[in-house]
Amino acid sequence: MSDLSVYGIGIDTYSNFLKANPPPTPFSFPEVLEAYSKAFDSPYELVGIFRGETIIAVGSFFVGKKFSKRYIRLMPMRLYDGLSFRKLENSKSQKREYEKLQSYQILSDYLISKYRFYQLSLPPCDLDVRPFQWSGAKILPQYTYVMETARFSENNYTKSLMEMLRYAIKANLQTSTCEIDELISLQMRSYKRHNRKPPVDASVITSLLTLLSNDLLLKIYAIRNSNG
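The sequence shown begins at 8 in our numbering and counts up one residue at a time.
Honestly, the hints are just simulated from the structure, not real lab data.
A couple of the hints might just be wrong.
Stated by the list, open to error - Under the rule of at most 25 Å between Cα atoms (straight-line distance), these lysine-lysine pairs were calculated in the PhoX-like manner: (1) K45 - K76; (2) K121 - K72; (3) K26 - K76; (4) K72 - K166; (5) K45 - K121; (6) K226 - K45; (7) K99 - K26; (8) K121 - K99; (9) K166 - K45; (10) K26 - K94; (11) K45 - K73; (12) K73 - K204; (13) K26 - K45; (14) K204 - K72; (15) K26 - K226; (16) K166 - K76; (17) K166 - K73; (18) K177 - K166; (19) K72 - K45; (20) K73 - K121; (21) K102 - K26.
Build the full structure now, drawing on both the sequences and the hints.
Okay, here's the thing in C-alpha cells:
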C-alpha cells in the first residue's frame, strides 16, 4: 500500500515548490497558468503529492464543466501538464522512478474519485504510463522531438534533421523576432491551406500570447527567406 497522499494546495505552496524544483516544461509555471486561465476563462486546480508532511510533487490541471459535472481538460496550446517532482540528486534512479510511479498512481485515483473524467498530456520525461493503464485509461502516444541545444552536435541528430539545417544555411534563412499579429496570420493561413479549423478563435490565441508577452514569458521568432 502506498504511503503517499494527494491534496489540493494553494498558489504560494505550489510556487515555492517550483522555485526549489524547476518543472520539466514551462507550462507549469504559475504565471503561465494565470495567462491560460484568463485567456480561456477556465479555472485550474493545484495539487500536491505528500509523503507525510513532505511534498514530493505538485501538479496543475485545468477544470471544465459538462452537464453539471466537472472534468480535467486538455487546454488548447498547452502542450504538457502532469506532475513536477522534487529533486533527488543523491538518490538512485530506480528510487526516483518508483516515486514517480507511485505518485501518478495516487494522482489517477484522486482524479477518478473527484472528476467525471480526466485528460492529461504528460511531458517527455514521464514515460511510464502503467498507473493510467491500471485504472483503465486510454493511452495515446504523442511523439516529441527533444533537442538539447547545450550539447548540439551532428552526431546527436538524425540525418534528415541535419539535411534540413544544411538547407537553411545554404538558402541563407535568417532568424528574427516576430510580432504576435504576424504569427497569428501565419497560423490562420496554415490552417486554411490544410483545410483545417483552428482549435480556438484567433482572438483567444492573441489574448494568450499578449498576456504571456506582457509578463516577459514569451518571445516569438520567425525564420525568413530573402523576401522577408
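Comparing the hints with the structure gives:
1. Between K45 and K76 the alpha-carbon distance is near 22 Å, which keeps this suggested pair within the 25 Å criterion.
2. The straight-line distance between the Cα atoms of K121 and K72 is roughly 13 Å, inside the 25 Å bound, and the hint therefore holds.
3. Only pairs whose Cα atoms come within 25 Å are accepted, and K26 paired with K76 is rejected, the gap being roughly 34 Å.
4. For the hint pairing K72 with K166, the CA-to-CA distance comes to about 46 Å; that exceeds 25 Å, so the pair is violated.
5. Between K45 and K121, the direct Cα distance comes to roughly 24 Å. Compliance with the 25 Å bound is thereby established for this hinted pair.
6. Restraint check for K226 and K45: the C-alpha separation of about 19 Å stays at or below 25 Å, so the hint holds.
7. Of the supplied pair hints, the one linking K99 and K26 holds, its CA atoms being roughly 23 Å apart against a limit of 25 Å.
8. About 33 Å separates the Cα atoms of K121 and K99, which puts this hinted pair outside 25 Å; it is violated.
9. Of the supplied pair hints, the one linking K166 and K45 is violated, its CA atoms being roughly 42 Å apart against a limit of 25 Å.
10. For the hint pairing K26 with K94, the CA-to-CA distance comes to about 11 Å; that is within 25 Å, so the pair holds.
11. For a cut-off of 25 Å, the pair hint linking K45 to K73 stands: about 20 Å separates their Cα positions.
12. For the hint linking K73 to K204, the alpha-carbon distance of about 23 Å falls within 25 Å, and the restraint holds.
13. Taken as a hint, the K26 and K45 pair is honoured in the structure, with Cα atoms around 23 Å apart against an allowance of 25 Å.
14. Taking the CA atoms of K204 and K72, the gap is near 23 Å; set against the 25 Å cutoff, the hint holds.
15. Taking the CA atoms of K26 and K226, the gap is about 22 Å. The hint holds against a cut of 25 Å.
16. At roughly 49 Å between alpha-carbon atoms, K166 and K76 are farther apart than 25 Å, so this suggested pair is violated.
17. Straight-line distance between C-alpha atoms of K166 and K73 comes to about 47 Å, which puts the hinted pair past the 25 Å bound.
18. At most 25 Å may separate the alpha-carbon atoms for a hinted pair to count; K177 and K166 meet this at roughly 16 Å.
19. For the hint pairing K72 with K45, the CA-to-CA distance comes to about 17 Å; that is within 25 Å, so the pair holds.
20. Our distance criterion of 25 Å between C-alpha atoms is met by K73 and K121, whose separation comes to about 14 Å.
21. Of the supplied pair hints, the one linking K102 and K26 holds, its CA atoms being roughly 23 Å apart against a limit of 25 Å.
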